[in-house]
Amino acid sequence: MNDTKKANPSVSVGRIHRRERRERREERNVNQRAIGASILFHLFPFFFSALSAFSAVNSPAFAQRDAQVPDPDPEIERKALQVADGFEVNLFAADPLLAKPIQINFDSAGRLWAACSESYPQIKPGQIANDKIIVLEDIDGDGKADKTTVFADGLLIPTGLEPGDGGVYVGASTDLLHLSRPDGDKGPLRRRVILSGFGTEDTHHMVHTLRWGHDGMLYFNQSIYIHSHIETPYGPRRLGGGGVWQFRPETRRLEVFARGWWNPWGHHFDRWGQAFVTDGAGTEGVNPVIVGASYTAAPGASRLLQGLNPGHPKYCGCEILSGRHLPEDWRGNLITNDFRGHRVCRFTLAPEGSYYSATLQADLIRSNHPAFRPVDVKMGQDGAIYIADWYNPIIQHGEVDFRDPRRDVSHGRIWRITAKGRPLVPRSQLVNAKTSELLEALKAPEDWTRVHARLVLKERGKSVLPELKAWTDKLDQEPLRLEALWTYQALDVVEPKLLASLLQARDYRIRAAAVRVVSAWHDRLSNPLALLEPRIADEHPQVRLEAVRALGQIPDVHAAELALKALDKPMDKYLDYGLWLTLRELAPHWLPALQAGRFTVADSRKLLFALQAADSREVLPTLVKLARSGKAGPSETSILVFLASLGGPVELSLLIDRIASGSSRPIEERTRLLEALEQAMRQRGVRPDGDLQRLLPLLKEKNEQLRIVAARLAGLWKLESARPQLLEMARAEKISEAERQAAVDGLAKLGGKASIEALEKLAGEEGPITRRRPALIALVPLDSKIAAQDACILLAKLRNESEATGIFEAFLQRKDGAALLAAALRDHKLPADIARIGLRMVRSTGRPDAGLAEALTKAGGLTFGARTLSAQEMQAMVADVARLGDPVRGEAVFRRKDQVCLKCHAIGGAGGQVGPDLSSIGASAPVDYLIDSLLQPNKAIKENYHSLLITTTKGQQYSGIKVHETETELVMRDAEDREISIPIKDIDERSPGGSLMPDGLTDTLTRSDLLDLVRFLSELGKVGPYAIGPQRVVRRWQALEPTREAWTFLHLGGGLATPAKDERGLQWNSVYSTVAGLLPLADVPSFSLGKEKHPVSLVRCQVDVTTAGPFLVRLNSTKGLKLWIDQNPVAVKETLEVNLPVGMHALTFVVDREERREGLRCELEDKAGSSARVRVVGGK
Amino acid sequence: MMDSSSMRVRSATEALASGVALAPREERTLGALTRPRSKHSGRLRDPARLLKRCPLPLFRYNRITASDPFRALPGRVVIVKSLYLPVFVLVLVPTVYAEEAFPLRDGDRVVLIGSTLIEREQRYGYWETALTRRYPDKSITFRNLGWSGDTVFGDARAGFGTQADGFRHLKDHVLALKPTVIILGYGTNESFEGPKGLPHFVKGLETLLDTFAPTKARIVLLSPLKQENLGPPLPDPSENNKNLRLYADAIRDVAKKRGHRFVDLYEMLGKEKQPLTGDGIQLTAWGYWRSAVVLEQALGLPETNPHVQWARVTKVAGNARQIQVAAEMLPLPPPPQEGAPADCCCDDAQMQGGQETFLLQDLDLAQAEKLRQTIVAKNRLYFYRWRPENETYLFGFRKYEQGKNAREIPQFDPLIAEKEKEIAKLRVPVPHTYELKPEKKP
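The listed protein sequences correspond, in order, to chains A and B. When we follow numbering that gives the first Met the number 0, the leftmost residue of the first sequence carries the number 0, and every step to the right adds one. When we follow numbering that gives the first Met the number 0, the leftmost residue of the second sequence carries the number 0, and every step to the right adds one.
In case anyone wonders, no lab produced these hints; they're calculated from the structure. One should not assume that every hint holds.
[Unchecked claim] Chain B stretches covered by chain A per the calculated footprint, using a threshold of three residues with CB under 8 Å from any CB of chain A:
#1 136-148
#2 385-392
#3 404-410
[To be verified] Residues of chain A clear of chain B, computed beta-carbon distances all greater than 10 Å:
#4 Thr199
#5 Ile229
#6 Arg402
#7 Lys433
#8 Glu439
#9 Lys796
#10 Ala849
#11 Gln871
#12 Gly999
#13 Val1070
[Said to hold, decoys possible] Derived lysine-lysine pairs resembling DSS-like cross-links, with alpha carbons at most 27 Å apart:
#14 B/Lys255 <-> B/Lys272
#15 A/Lys896 <-> A/Lys1021
#16 B/Lys398 <-> A/Lys938
#17 A/Lys733 <-> A/Lys784
#18 A/Lys941 <-> A/Lys123
#19 A/Lys699 <-> A/Lys796
#20 A/Lys123 <-> B/Lys403
#21 B/Lys255 <-> B/Lys202
#22 A/Lys896 <-> A/Lys953
#23 B/Lys272 <-> B/Lys241
#24 A/Lys938 <-> A/Lys1179
#25 A/Lys185 <-> A/Lys143
#26 A/Lys568 <-> A/Lys630
#27 A/Lys701 <-> A/Lys752
#28 A/Lys961 <-> B/Lys403
#29 B/Lys177 <-> B/Lys420
#30 A/Lys941 <-> B/Lys398
#31 A/Lys938 <-> A/Lys953
#32 B/Lys403 <-> A/Lys941
#33 A/Lys419 <-> A/Lys461
#34 B/Lys420 <-> A/Lys123
#35 B/Lys418 <-> A/Lys123
#36 B/Lys255 <-> A/Lys814
#37 B/Lys255 <-> B/Lys241
#38 B/Lys170 <-> B/Lys202
#39 B/Lys403 <-> A/Lys938
#40 A/Lys953 <-> A/Lys1021
Please read all numbers here as calculations on a predicted model, not as lab measurements. Heads up, the beta-carbon is just placed ideally off N, CA and C, and yes, glycines get one too.
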C-alpha cells in the first residue's frame, strides 16, 4: 500500500479502484487519440515519415551488428512488394493502429479483427501482459481502415481469433476464450473461458488458425509440441502434437478433426466443404484433409498421409479464393504465405482420384523487404485479398534468442490486394438483414457472403426454420440446396429428406459433401447405413472416400462390412488409407463379430485388408484358417507375411513349411516369406516350431537373394549346423558383397568363440579389403577390443570413404566402442582423409566422443583451429559477407564434395533429408545465425532437427532425427540419411542429443570460402537468381559411377544400347542441379570406352505420373544427348511431348562428353488442354 | 484503556433484521455512525436518543478467545460494561458448525492439486481468498498446481513423455513445495471410464496419496462436481452423474479410510437454482464464488453472512466522538457480476452489493476484492514460474537453443514474494474511523 493510504486509513479501497479504473480508461483514450492521429499520418505522409525517422533513431535495434532492421515506413515496404500482373496492393492498416498481427478474420459486419501480440515470444518477468484484440473498420469503403477499436487487452499471446456468437473466440495460451461486450462496444467486457487445458510448450504452436466451417462449427489448430487435455461434458479430449480441432460451441462437443503436421498454420474449406491445410514447418505444401486421418509428424500414428508438394517451403495461412472480383482462373485457387521467403504463393487445385493435386503458380507477391512476413491471408467482403504482415526481420524463436533486440514488437501491417480494373463486390449488409435477405445471400457467388450469411442465420437460432424450409422447398439448383443443407447443419437440425436428395446429386462434389453430413448426423438418422450403401459404390472415388470415412463413425459391424465394398472399385492411396483407418476404428465392433462367426465378409482379399487394419493378435485364428484353407488365391503370400508379423512359433511354422516344400513357388514369394521370418525373429524374437534344419538347403539355392536371407536367418536362429556353409560363403573368392555381408552377419549372430576366431581370422589375414572389411564390422559387437586393433590396421589401408564409414559406424554403435578405438589408435597413423571421415562421423553422432575425436585428429595428423567468433569478429564477418562474399563462388563451395552439404541438405527438395531444406534459408535467417550454424552447429538447431540418442537393451547406440514413432517401433533418420527402425521394446534409454551436423565441417575452408558460402546461403530464397521458382525442373539426378561393373556393362555388354536397363551391380550416385536448375557436367563422372570413342556420362532422373496424359519435357539443348524413357529410346528434341501411364518413370540420358560441354537442364511442363499430372522426383 | 479486541459491531442488515431503526440511507449512516468528512466535522449531539433506539438484546457481545476464534461456542454472552458507548456493541452472528473445523495454521503451505476445477480456481481466486481472509494474522501460502484434464495418474502432465512421466511430474511438483496441507480435486475425468474404471481409479488415488504421505501434510479430498443439467443443446447429464456420484463415494471412502478430510462438492453444490457452470461441468466465476462459501462450510469454518461483518473497536478517540473499528476478518469479495472479467475490478454498483449494505462493509468488500485480485495476480506470476510458456525451449529438449533464457524464470520469485507481502497486508482488515453524528431531523 502506498503512503497516502497509510496516512489516512479510512480512504476507501473501493475509491482507489475507481481511480485506477479511471486512469486505465484515460490511458486507453490516449491510445485511441494516438490511433486517430495515425490516420492523420496517412493523410500527411510528411508527418508520418518524420515520426518513423524519429522512432528509427531511438530504436535500440539500430545499434545492432546486422543492419537488417529496415526503415519501418509502410510506403517503403509497399514499394518493395512485387505483385502479380493485373493486381495491385494497397495498405489497409498499419502501426500504430495495430502491432504484430498473428491472425486476422472478418466478422459478418465486414470488420477485420486482428489478434496482436507484443509479448511474443515470451513474457518477461515483471512485464504485464497486455496483448490486444483489435477491430479495424473501413467505414467509407475506400479499402483503408479508418476506425480502430481495442476490443480487448490484457491478454497473453493471443495466437488466433474468430468473431462470432456476439463476440470473438480467442485462442490465448491455455484457453479458448469468448470475449464479448453485451452492452455495446463501450460496455464492460464479458470474458468466458470456453475451453481450457491447451498446451503452451511453444508459443508459436499454441491454439491458432480459428475458422468457421460451412457446417457452422468452429475449427482451430495446434502445433506439434502442444499437449492439450481438455475437459468437456462428453469426457476429456486429448491431443498431443499437431492437429485440427472441431468444436460446436452450443453443445460444447469437441473432437479431433485431423492429426499431425508440425505447424498447421493454414486451414480452409473449398466451395464444396473439402478441407485443406498448410504447414508452417513441414515441407509438404498443400494437404487435403481426410477426416480423422494422421498426417506427417503425428505422434504415435502407425500410418501417415503426406502433403501434395514434398520439398516445398513452409507455408503460413491458407485461403481458397472465390468471388466475382477476381479473374475467373483465380477462383478456387489456394493462397498461402512463404513467410520465410517473403512471398505470397498461389496454388491451383485439381481433383485427382479420390484426392487432389496442387500446382504452384507464379507468386502473388514476392519481396526482398526483410521484415515483410505475410502470416495470414483472408478474403474480404469486397472480394479483395487481405494479408496480415507480421512485419519482423526476425522470425521463429528456436534459433534466434527470445531477447534478440532485432525482434520487432511494435509494427504490423494489413495489405489489401485487388485485381486492376475489375469492380469490387458490393458490400452486403448481413447483420441487420431480414431472414429472407440472408437466405438470398446464400446464393451469392462469394464464399465470404455465404459463410457469413449462414453464421448470422445460425446466431438467430431455430426461429429461422420456417423461412428456411419454405426457401429450401423452392430451390432446384443442387449447389443452393447444399447451402440449405449446411444451414440446417449449422443450426444442428436434422433434415433427412434434403440430405437424401443431395446424396443423389448429379455433381459428385455435392454428393461428397452430403456424405459428410451423414457422418455428422449418423446417430440421429434412422438409416445411415442404407444412405451410405450406394455411395460406397459411387462412380466418383472422392464420394467413395467420404463414404468410407463416414462409415468409420458408425459403431456397427455392418458399417465395416459395407466399407470393405470399396475394394470392389479401383483404389488409390488415399482410399486405401481411408479404408484402413475406418476398419481400424471399427475393429472393436467387427473383431468380436468375426470371432463369433458373424462377420459376413468371405472374400480373402477384403478379409486380409480388414485383418491388417486391425493389427491385433486377435485376428490370428482367422488368419491361420485363411492360410490353411488353400482358397486364398493370389493373396496367400500376403496372408502368410502378415501372419508372420503377428504369429507365434506355431503360426510361423506354416511359413517354413511353404518355403521348404514349395520349390515350384516363385522365387520372389519364397524370398518374401523368408524375409517375413527374419523380421519376426529380429523384431519379436519369435522362431518357428518344428525342424529348422529345413533352412539349410536354401543356403545352396540358385537364387542369390534367397541365399542371402537364409544366411542371415541361419545366424539369427543360431543354427550351428549352418556354420560350415556360412564360413564357406564368407571366404569365397567370387561372391557378391551383399552375400558375403550376409554370411559374416550370420556367423556373427551364431556367436561364440568359434565365430570370434573365424571373423578375426577373416578380418586379420591378408586378403581383399572386400573380405576383410565385412568380417571386421561383424566382429566389433563380438569383441570390440580385438576388432579395434584390426580396425587400425585396416583403416590405414583404405582409400575410399564409403569403405571407412561402416567401420567407424560399427564402433560408434557400441557403448565402449569409441573409447576402445581411441585407445587402439594411439599407436597408429591414418591417411588424413580417412581420419577426417572418422572425425565427421564422431561429430555427427549427437554426442561426440572427445577422446576418439582427439585420437583421430592425431592419427590423421590433422590440425584445427577454434572457430568461435567474438562479437566484434562476428560483426566484421557479417559486414564482409555483404561486401566481399560472392554467391556464385559460394554455390561452388556448397557443392564441393568435401563439404558434403548436399549429403544432408536439400535445395528445392533435391538433396539429403537429414538437415532442413535450405531453399529459403537466406530469406528467413539472419546472417549471423548462418555463420553460427556453420561454425557451431550445436548452438541453434532448426526446429525438428534435434537428434535423439537411443541405447538399446543390447548395448547398441543410435543417433538420428526422429521420423515417426508408433507403439512398436521408432523410426529415425541417421546422419547417413538412412531410415533406421528400432523396436520400442529394445530401447533401453533415450536422451536428447545435439545437432547431427558435425562441428568442424568448415575447417577446410579459407575465410574467403566461408564468406562466399555464407553469401550464397544468405541469397537463397530471396528474390533473384537464388530463389526456387515454381518450375518443375529436375534437381536430383543419378549418375552412373565408373565402377568395373559399369565399365563391363557399357563396354562389353553393349550397355550403351540399353542404358536404362537396371543391371545388378551398377552404382548410381546422386548429383544435383544448381539452384538455377542446371546440372554442371563437371560434377558428373565419365567413362572412356576405348581410344577412338568419346567419353560418355550416364545420368537419369525420375518423374512421377499421377494422372496420365500428354505433357512436355523441355531441354536446354539437345547437343550430345541420347535419351531413353524407361527402356525405350526416344528421339531427343528440345521440347518433347510425352505420354506416360500412371507410375514412376525414368529418363536416362547418355551424354557425349566430347560433344557436349554445357550443363543439362530438364524441365516438365503442362501441355495445354491435357489433364496430365506429373512431378519430378526429388530427395537425396 | 479497554479490551477493544472483544468488541464486535454488527451490520446494518442485521440490525434491520432485529428491528433497529436506521438513519435514512442517503445519509450513509448507521445510527450515529458515519465516516468523517473532515477532521472535525460532525458533532455528537444527543447520544441518549440513539440509545433509546437500541433494544436490549443488542447490548451483548460474544467473547471469543483470541487464539482460535473459530472454536468458540455460540451463545456465550457477556455484557460489556467498560465500553463508554455500548451502542456500538452488537450481537455476534449466530454461527453454524457443520463439522469439526479444519483449521489452517501459521506457516502452512497449502498446495491445490487436481484438474480443471483446481486449475481455473487460480484465475478467480475465490476459494483462496475465502481461506486467506479467515486467518488475517497467520502467514499461509497457497500454490495452485491444477492442470486441466489431469487425472490421479498425471495424464495431463506427461508432456512429451508417458503417463508415468506425468505422474512423476505430479509427484515432483507437489513434493518440491513441501506442503503442509494438500487440497486435492480429482475424479471428473476418470469418471468417464464408468463403473469398470472405478477400481483402477481408487488404486491410482491411493498410490497418489501414498506418494504424498512423506510430506505428512493434512489432506483434503474434494469430490468431483455434479454435472449440471442446463438443458439442450447441452447434453443430459443423468448418466454421467451416476458415475460422478460413484467416484465421489469412492473418494469419500478413501478419505475415511485414511483419515483425510472429505468435501462433498457433488452434494453440497448440487441444488443450486442459478447455474454454477457454463457448460454443465466447469464452474464460472459465480460458481467459484458460490463454492467458496461451500468449501468454507465443509471445512468447518463458521458461516458468515456475506452482508454481515464482525468488527472490533480498536480506538475510542477524544471524548468518544470518534471511534475506530476494524473487522475481525474480511468478508468474501463481492459476487462476480455475470460477464464481468473475474480478474478485473468490479463496478461501483456491485461494490455496494445489496440494498442495505453497511458502510463499513462497503469498504471491506472493496478490500476483499483487492485481496482477491492480488491473489489472482500472485497466482498468475506463479503460473509463469512453474508452467512457463515455451517450456520446450527453456527446459525441454530444445534447451540448448533458448535454455539461456531459463534464467529469467526464477526472476519471477521475487515478484511472487512481493505479491505475498501485499496479500499479507491486504488480508488484515483496515481500521475505519467513524464519528458520531446526530440524526437529522425528519
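Evaluated hints:
no. : hint                   : in the structure
1   : 136-148                : holds (count 3)
2   : 385-392                : holds (count 7)
3   : 404-410                : holds (count 4)
4   : Thr199                 : violated (4 Å)
5   : Ile229                 : violated (6 Å)
6   : Arg402                 : violated (7 Å)
7   : Lys433                 : holds (25 Å)
8   : Glu439                 : holds (27 Å)
9   : Lys796                 : holds (39 Å)
10  : Ala849                 : holds (17 Å)
11  : Gln871                 : holds (20 Å)
12  : Gly999                 : holds (18 Å)
13  : Val1070                : holds (34 Å)
14  : B/Lys255 <-> B/Lys272  : violated (30 Å)
15  : A/Lys896 <-> A/Lys1021 : holds (25 Å)
16  : B/Lys398 <-> A/Lys938  : holds (10 Å)
17  : A/Lys733 <-> A/Lys784  : violated (30 Å)
18  : A/Lys941 <-> A/Lys123  : holds (24 Å)
19  : A/Lys699 <-> A/Lys796  : violated (33 Å)
20  : A/Lys123 <-> B/Lys403  : holds (14 Å)
21  : B/Lys255 <-> B/Lys202  : holds (15 Å)
22  : A/Lys896 <-> A/Lys953  : violated (36 Å)
23  : B/Lys272 <-> B/Lys241  : holds (21 Å)
24  : A/Lys938 <-> A/Lys1179 : holds (26 Å)
25  : A/Lys185 <-> A/Lys143  : holds (23 Å)
26  : A/Lys568 <-> A/Lys630  : holds (22 Å)
27  : A/Lys701 <-> A/Lys752  : violated (31 Å)
28  : A/Lys961 <-> B/Lys403  : holds (25 Å)
29  : B/Lys177 <-> B/Lys420  : holds (20 Å)
30  : A/Lys941 <-> B/Lys398  : holds (12 Å)
31  : A/Lys938 <-> A/Lys953  : violated (32 Å)
32  : B/Lys403 <-> A/Lys941  : holds (17 Å)
33  : A/Lys419 <-> A/Lys461  : violated (42 Å)
34  : B/Lys420 <-> A/Lys123  : holds (21 Å)
35  : B/Lys418 <-> A/Lys123  : holds (17 Å)
36  : B/Lys255 <-> A/Lys814  : violated (52 Å)
37  : B/Lys255 <-> B/Lys241  : holds (21 Å)
38  : B/Lys170 <-> B/Lys202  : holds (16 Å)
39  : B/Lys403 <-> A/Lys938  : holds (11 Å)
40  : A/Lys953 <-> A/Lys1021 : violated (49 Å)
Violation of the numbered hints given earlier is confined to hints 4, 5, 6, 14, 17, 19, 22, 27, 31, 33, 36 and 40; the remaining hints are satisfied by the structure.
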